[in-house]
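Asks: So the chains spell out like this:
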Amino acid sequence: MIEVVVFLIFAGVAIAGALVMVMGRNPVHSAVGLLTTMFSIAVFYVLQNAHFVAAVQVVIYAGAVMTLFLFVIMMIGVDKTEDTTEQIPWQRPIAIVVSVGLAAVILIAGSRAWITGRSIFVDGINETIEVVADALFGTWTLAFLSTVFLLTIAAVGTIAMAQYSPRRPEEES
Amino acid sequence: MVTPGWYMALAAVLFSIGGAGVLVRRNALVMFMSIELMLNSVNLTFVAAGTGLGLIEGQTAALFVIVVAAAEVTIGLAILVAVFRGRATANVDELSSLGG
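Keeping their order, the protein sequence lines are chains B and P.
Residue 1 is where the first sequence starts when you use my numbering, and the numbers rise one by one after that.
Residue 1 is where the second sequence starts when you use my numbering, and the numbers rise one by one after that.
Because the hints were derived from the structure by calculation, they are not lab data.
Have a look at the derived ranges for each label pair, beta carbon to beta carbon:
| id | chain 1 | residue 1 | chain 2 | residue 2 | range |
| --- | --- | --- | --- | --- | --- |
| 1 | B | Phe149 | P | Ser97 | 29 to 37 Å |
| 2 | B | Val6 | P | Ser96 | 40 to 48 Å |
| 3 | P | Arg85 | B | Thr67 | 19 to 27 Å |
| 4 | P | Arg85 | B | Gly63 | 22 to 30 Å |
| 5 | P | Arg85 | B | Val97 | 35 to 43 Å |
| 6 | B | Val6 | P | Arg85 | 39 to 47 Å |
| 7 | B | Ile129 | P | Ala88 | 42 to 50 Å |
| 8 | B | Ile2 | P | Ile79 | 41 to 49 Å |
| 9 | B | Val97 | P | Glu94 | 24 to 32 Å |
| 10 | P | Asp93 | B | Ile159 | 24 to 32 Å |
| 11 | P | Met1 | B | Val156 | 46 to 54 Å |
| 12 | B | Val46 | P | Gly54 | 14 to 22 Å |
Computed, partial: chain P to chain B, Cβ under 8 Å:
| id | residue |
| --- | --- |
| 13 | Ala9 |
| 14 | Leu10 |
| 15 | Gly19 |
| 16 | Arg25 |
| 17 | Met33 |
| 18 | Val47 |
| 19 | Ala48 |
| 20 | Ile56 |
| 21 | Gln59 |
| 22 | Ala70 |
| 23 | Thr74 |
| 24 | Ile75 |
| 25 | Val81 |
| 26 | Phe84 |
Positions of the beta carbon are idealized from the N, C-alpha and C atoms, including for glycine.
Generate coordinates for the entire structure from the input sequences, incorporating the hints supplied.
Replies: Pasting the structure below:
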């Protein structure tokens, strides 16, 4: 019962945060809305006994990624309010219709599989961290090692982008 | 009793909101945040499916998605900063050099 209450509260918080993110005129408001949604999703992970993923969610997303976003916002354009005039006519209504339609299609298609599917929420996977570690370092070692390459490539790419100096148009002759 | 279907329905709603953000907003940073929201909702779906099926692979898949998203954010924001140094704007409508 308490599970349902927690779920409903944080589902509302997550959707509200997402809407604030999409509709906020100021990028900082968008970042705070996304932060709220990410914390709510961490709560959902805890509810599903995925404690390790919840910790990773808070540390990486709410910590590192959002800090990086706020840093770039402060650097790039916090003082500029976004130009809300739409260049392409009908873009905004069509986008909203497409999004609502996407949600409807996923919900309708999914309701056949999930909601009436096997009634679940098992006792939860105990000792989640051990089980996750066994899967990561046992079954999925190759995938885990390939993330090393991915992160190395990302670091090298970021350094390359940081050293790139774009030529201003007036410098071109 | 909260079944994994509830989490998946919520994830579908969050995914659609993120998609709307990508389509509607013109600030490249906010578009990035919308993509992050979509990745997050996919993670929620993975974990819910893993819980529902009693498999740990849902959580490992979510972890891999988190790693990829972290790398993607690093590269994307670096590109944004480089673009901003050249153009002094984060509005994607004004970044049309490749459009001819």
